[in-house]
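> Sequence:
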Amino acid sequence: MAHAHDHAPHSPETGFAGEEFWDSRYRESDRIWSGDANAVLAREAAALAPGRALDLGCGEGGDAVWLARQGWHVTGTDISGVALERAAAHAADAGVADRTAWERHDLAESFPAGEYELVSACFLHTFGEFPRERVLRRAAAAVAPGGILLVVGHAGWPSWQEDRPEVDFPTPDEVVAQLELEAGAWEVLLAEEHVRAQNQPDGRPGTRTDNAVKVRRRAS
1 MAHAHDHAPH
11 SPETGFAGEE
21 FWDSRYRESD
31 RIWSGDANAV
41 LAREAAALAP
51 GRALDLGCGE
61 GGDAVWLARQ
71 GWHVTGTDIS
81 GVALERAAAH
91 AADAGVADRT
101 AWERHDLAES
111 FPAGEYELVS
121 ACFLHTFGEF
131 PRERVLRRAA
141 AAVAPGGILL
151 VVGHAGWPSW
161 QEDRPEVDFP
171 TPDEVVAQLE
181 LEAGAWEVLL
191 AEEHVRAQNQ
201 PDGRPGTRTD
211 NAVKVRRRAS
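Here the sequence shown is numbered in our numbering, starting from 1 and rising by one per residue.
I should point out that these hints are in silico values taken from the structure, not numbers from a laboratory.
C-beta: ideal position from N, C-alpha, C; glycine also.
Everything hinted at is true.
Ranges between beta-carbon positions, derived for each pair:
id, residue 1, residue 2, range
1, D202, G146, 45 to 51 Å
2, W160, E193, 16 to 22 Å
3, A141, V195, 27 to 33 Å
4, G184, E115, 18 to 24 Å
Taking the hints into account, I'd like the entire structure generated from these sequences.
Written out as structure tokens, the structure is:
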């Protein structure tokens, strides 16, 4: 994978793709994603002073391990126990096991405790209904004073996909509005779309448009 999770896992009893689905998905191969950090996360977090970070939908741990290598203490969460086992192994191989923790959560049902200087929510999309707006508001609530919330998502289907089901891909401004940030308590640092290269399943080059929202909770 070129980036972090392209889909977020959710509860089967509420009609979403749940733990069993995602465990099966990860078992299809030894590695689903590239193991590299999301390019937007790496760019936007590069200049931040390391602190506590929360990676929502961490998958096999590429983003969390990258953050830990930069000095962050990272909590990674995913619905898939298989993914979390691989993430822990990745962290151990990278020598950052002492700066990473892994928690299994169905984000539609539960959320990690605590406050964080960085909360990253990359590609929290799914195949059915999912309370994404509510989850992102919980993500914002977990940001410590002076901290950052980074939301990265798809803005549409890949360039090569002809069958395009009706899916809500919110714009950056819509994401900001959905967060329902308290007036005067937050600063919007980034809200934009960007086009990136993404290979088609057959290896031929293609493109995909994503968007990114970065907001900071004011310290006082």
